[in-house]
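Undergrad: Going down the list, the protein sequences come from chains A and B.
Oh and the first sequence: position 31 is 32 in the working numbering, straight run, nothing missing.
Oh and the second sequence: position 143 is 144 in the working numbering, straight run, nothing missing.
Worth flagging that the hints you see were computed from the coordinates, not collected in a lab.
Be aware that one or more of the hints could be misleading.
As the list makes no split between identical chains, a pair holds if one copy fits it or if it spans any two.
[Unchecked claim] Subject to a maximum C-alpha distance of 20 Å in a straight line, what follows is the list of computed SDA-like cross-link-like pairs (lysine to any residue): (1) Lys-195 to Gly-52; (2) Lys-48 to Phe-150; (3) Lys-195 to Ser-179; (4) Lys-4 to Leu-87; (5) Lys-48 to Glu-29; (6) Lys-195 to Thr-63.
Spelled out from the first residue to the last, the chains are:
There are 2 protein chains.
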Amino acid sequence: MYKVYGDLYSGNCYKVKLLLVQLEQPFEWVDIDILKQESRTPEFLAKNPNGKIPLLEIEPETYLCESNAILYYLSEGTEFFPSDRLERAQTLQWLFFEQYSHEPNIATSRYIIRYLGAPEEYKPVLEAKRGPGYAALDVMENHLTTQDFFASDRYTIADIGLYAYTHVAHEGGFDLYSYPAINAWLARVKSQAKHVTMSAR
Amino acid sequence: MYKVYGDLYSGNCYKVKLLLVQLEQPFEWVDIDILKQESRTPEFLAKNPNGKIPLLEIEPETYLCESNAILYYLSEGTEFFPSDRLERAQTLQWLFFEQYSHEPNIATSRYIIRYLGAPEEYKPVLEAKRGPGYAALDVMENHLTTQDFFASDRYTIADIGLYAYTHVAHEGGFDLYSYPAINAWLARVKSQAKHVTMSAR
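Modelling step: build the complete structure from the supplied sequences, incorporating the hints.
TA: Take a look at the structure:
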């Protein structure tokens, strides 16, 4: 059985849980408290030398890290990853966009506010992330104005990857009020079969 | 024929060129000068709303962006992408590592020094990127101490992805002197059949 080392309120970890539930794959969840440096212990670093969560234990001694690589691993050959060559690459294109242009701005702002509780201390950092964060949301809004999902014409791991931190963007200080296409897409993702919330155990 | 919109000295663009040459795929190269904002023109934004290079034109009106998604698209089904399921996911794991933990520190430092020529102006930014940049190199060194390549036991797009900015890390102020395994791997990558340098036309 798969084992997921994660934090319940981390969007990167939520991605993996959401997909496993929708795939009806049983898994064990191991809580890792990053604020207590539990991803930096010698035991954890032996599993993932990069010291990050989520981490998927495929079988004892076989680990995979990087949330979007885990999504790829779990979804290959299923309805959540396209069978068309170009659509497969577009799925990954959006997942790379998520990790490069979206997560470092929106998720990191949320981390400062929600996890560290230190918006004043990190004010210049938060301010520097506002522009690029909204620019990423603009790119999403632009795409969703003419399309229902990110890759292919249906729900894939590209949507799971981008949903994770977009649906809690307000916790990072990002206002989605003027993004109607994103809001409609968030509702579409939530309405997918077997959807679970971030906090679900 | 493929068309690549890129900058000759961008590592992200170099990845695509290197793979296309090694695949013996003919392609046309279109120079885009990012300092002249050529990736922000209305014409370019119509092709890639995220305004970034490289951009692959697969056929007229069909575009793919995100360098590592382009590597995936081009390498699927070839010797440069593993046939084993776990190794495929590990290849992507390293490519996501590259875009999240490596590129934003090492490539961005190089951009400030080499492109903007403004290390003094951006001194606090460069200083903030030193620790995470060296941490990424440590993760690579740790892996390469026991393995010749990143995913699988041979040269794949994971190596191409990581080679692009690692071989010019010194231009970003990163000293590779104390990374013997990385240096040996750089030499292995350079010795691959049909290898071309970054500046090759």
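Undergrad: Which earlier hints turn out false for this structure, listed by number in ascending order?
TA: Numbers 1, 3, 6, in rising order.
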